[in-house]
Amino acid sequence: MQRSFFDLVQQIKKKCTVTERQIQDELNLTQAEFGALRLIQPGESLQNGVFSDKMGLSVSRGSRVINQLRKKGFVVIKPVPQNRRCHEISLTRSGEAVQARINDRILSCENSFLEHLPAQMRVQVFDNLEYILEIMEGNNYRV
0 MQRSFFDLVQ QIKKKCTVTE RQIQDELNLT QAEFGALRLI QPGESLQNGV
50 FSDKMGLSVS RGSRVINQLR KKGFVVIKPV PQNRRCHEIS LTRSGEAVQA
100 RINDRILSCE NSFLEHLPAQ MRVQVFDNLE YILEIMEGNN YRV
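43 is the number that numbering that gives the first Met the number 0 gives to position 44 of the sequence shown; each next residue is one higher, with no gaps.
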């Protein structure tokens, strides 16, 4: 019996989740902190509302994640003068260093299975995944 698309995605996700948990444990990060450090780009800043929205969190939960990252020294928080409820979040050097470690581990994990594919097939896999994601994010897909 042929496995379904859903089953294949679940199997891939399961293998990637193991790596994600190992990285989180190694760096003493929660799942939300891990996701935040993947989201915030070096040299850029995000307003807290945008951050929460992109993380799929309520503003109050997003604020707690931001504060956890601040306490660990990974982000700096600056008020937005025009709106006292808004803050801009950006990575510190320490946050950038941890993000680089995360990215290195993820790249290593990806390479461990992608290296078995010919270069053209790698391109096709990425192109097809991007296309599927576009469909799912568009109006044509309903959960």
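I should point out that these hints are in silico values taken from the structure, not numbers from a laboratory. None of these values were measured; they are calculated from a predicted model. Where hints are given, some of them may not hold.
Below, simulated DSS-like cross-link-like pairs (lysine-lysine); rule was C-alpha separation at most 27 angstroms, straight line [to be verified]:
| hint | residue 1 | residue 2 |
| --- | --- | --- |
| 1 | K13 | K53 |
| 2 | K71 | K53 |
| 3 | K14 | K53 |
| 4 | K77 | K12 |
Here are the computed distance ranges between Cβ atoms for each label pair [to be verified]:
| hint | residue 1 | residue 2 | range |
| --- | --- | --- | --- |
| 5 | M0 | N127 | 39 to 47 angstroms |
| 6 | M0 | P78 | 53 to 61 angstroms |
| 7 | Q21 | C85 | 19 to 27 angstroms |
| 8 | F125 | R100 | 19 to 27 angstroms |
In this text, a Cβ means the ideal position worked out from N, Cα and C, and glycines have one as well.
Taking the hints in turn, this is what the structure says about them:
no.: 1; hint: K13 <-> K53; in the structure: 23 angstroms, holds
no.: 2; hint: K71 <-> K53; in the structure: 21 angstroms, holds
no.: 3; hint: K14 <-> K53; in the structure: 24 angstroms, holds
no.: 4; hint: K77 <-> K12; in the structure: 36 angstroms, violated
no.: 5; hint: M0 <-> N127: 39 to 47 angstroms; in the structure: 23 angstroms, violated
no.: 6; hint: M0 <-> P78: 53 to 61 angstroms; in the structure: 58 angstroms, holds
no.: 7; hint: Q21 <-> C85: 19 to 27 angstroms; in the structure: 35 angstroms, violated
no.: 8; hint: F125 <-> R100: 19 to 27 angstroms; in the structure: 24 angstroms, holds
Hint check: violations occur at hints 4, 5, 7; the rest are consistent with the structure.
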